[in-house]
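Novice: What follows is each chain in one-letter form.
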Amino acid sequence: MLLVLTEEHREHLSMLPQVEPSVVGEFGRIALEFLRRGTSPKIYEGAARKLGVSVEAVQQGVEGLMFLLMESSKHTISEVDFMDSVLILGFGEELNQVLLQLYQDNQVQIRRILSQLIPSQPAFHQLEWRLDVQLASRSLRQRLVPTVTMRLMLSENEEGQRSTRVLQTDPSTLLHLISTLEAALAAVKTSHSRRILRNIK
Amino acid sequence: MELSESVQRGLQSLGDQTVLDRCSFPVVVDACFRSLLFSRGDPAVLDLPELKHLDKILLKQIHAAATTFILEAVKHNADKSTISFSLEELTFNTERVETFYTTRRKVSNSIFGPPFSFFFMSSSIGRGPAHIKDVSWRLQYQMKNGQLDKVNEPFYLISLSTETGGASEDVDFSCTAEQLQDLVGKLKDAAKSVEKASQV
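Protein chains in written order, with full-length UniProt numbering: chain E, 1 to 201; chain U, 1 to 200.
Just so you know, these hints were derived from the structure itself, not from any lab.
As the structure is a computational prediction, the values presented were derived from the model and not from experiment.
There may be inaccurate statements among the hints.
Unchecked claim - The list that follows gives simulated cross-link-like pairs (lysine-lysine, DSS-like), each with its CA atoms no further than 30 Å apart: (1) U:Lys56 with E:Lys201; (2) U:Lys186 with E:Lys189; (3) U:Lys133 with U:Lys150; (4) U:Lys150 with E:Lys201; (5) U:Lys192 with U:Lys150; (6) U:Lys106 with U:Lys52; (7) U:Lys188 with E:Lys189; (8) U:Lys192 with E:Lys189; (9) U:Lys144 with E:Lys189; (10) E:Lys189 with U:Lys150.
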């Protein structure tokens, strides 16, 4: 599939041929840094001073590049489609190669960054367990109750924020949990699931 | 079983034929057993037409003493002879001891059967971590989202139903097939340990 670049986007990218291809490579590095950590106007100012162009032009160039890389990574477009998509910008061959290199080198990383933006529920992180036997309590003496105590760690978001739940269960419920979850594991291996997984590409 | 003075006094009143006649005694004993299992602190448990003629305060003292006695007996897993001995010491005649015992059986029979119902009731007192009761799951396939096309990853949504002190709560989380495999593996390890420990 080809990328459809808007008029405004093309205009922002039009400053790229005005600088050296090596500078475009540097812009690409900055664009990736900004995708990871957020933008910083100071860097735009520094670069604009060095290149002798306006801050706005640098900002538009870098952000245009960010958007180009994000969109191509989002759709995981092929090398040919990427080249065809940037062809419309009318850049030279060398500059197009620099852009392609930027895209190919960073596609995996950009997809990982984008995947962090998706709203998600707490995800399983780790489980620790121990076997306890309750021997007595305030209301009952001479007890012998086996209990499995578990610490379930969930990651609340992509920044690694964790929450911990302490849960308990008895041996027979534990066996029930195991058999229910084994059925869940088996479900992904059924011919129905495999057919769907194979056909949605 | 060690009983405090006020409990002893209350039980003596319960056994005293001049305080409770032949008709009121079984009604009071029945109300005491029932109040522990079913009423959940309902203040109307002693408001019975058969007990209208009795002194309210005395009745409350008897109720408090009898329920304490029942809970103490459950706590120490007291057998029939221990219970009979304690009651006889507190001036219960043989007939009243027998009535006390048959009422206990009659009331607890109505749910789980003796003596488990009182045992369950006592074991539910106190605190502990949330107890997992059940688990449900859903297998999903993420195709795309607002940020990414072609994600194409199967994942599970797991919901653990838990209970703490009568209140239930669900613990929900998502996991990949590998993570679920890891989770099941750990639970199996735990189950194996339980099995080994039970053979010792």
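Novice: Next, verify each hint and record whether it holds.
Specialist: Hint-by-hint comparison with the structure:
With a C-alpha separation of about 78 Å, the suggested pair Lys56 of chain U and Lys201 of chain E falls outside the 30 Å cut-off, and the hint is violated. About 21 Å separates the Cα atoms of Lys186 of chain U and Lys189 of chain E, which keeps this hinted pair within 30 Å; it holds. A C-alpha spacing of about 37 Å is found between Lys133 of chain U and Lys150 of chain U, which places the hinted pair above 30 Å, so the restraint is violated. Note on Lys150 of chain U and Lys201 of chain E: the hinted pairing holds, with a Cα-Cα distance of about 7 Å set against a maximum of 30 Å.
In summary, the hint linking Lys192 of chain U to Lys150 of chain U is not supported, as the alpha carbons are separated by about 41 Å, beyond the 30 Å threshold. Of the supplied pair hints, the one linking Lys106 of chain U and Lys52 of chain U holds, its CA atoms being roughly 24 Å apart against a limit of 30 Å. Between the alpha carbons of Lys188 of chain U and Lys189 of chain E the distance comes to roughly 20 Å, so the proposed pair stays at or under 30 Å and holds. For the given pair, Lys192 of chain U sits about 26 Å from Lys189 of chain E by alpha-carbon distance, which is consistent with the 30 Å threshold.
For the hint pairing Lys144 of chain U with Lys189 of chain E, the CA-to-CA distance comes to about 22 Å; that is within 30 Å, so the pair holds. Only pairs whose Cα atoms come within 30 Å are accepted, and Lys189 of chain E paired with Lys150 of chain U is accepted, the gap being roughly 21 Å.
Figure legend: structure checked against the earlier numbered hints; hints not met, in rising order: 1, 3, 5.
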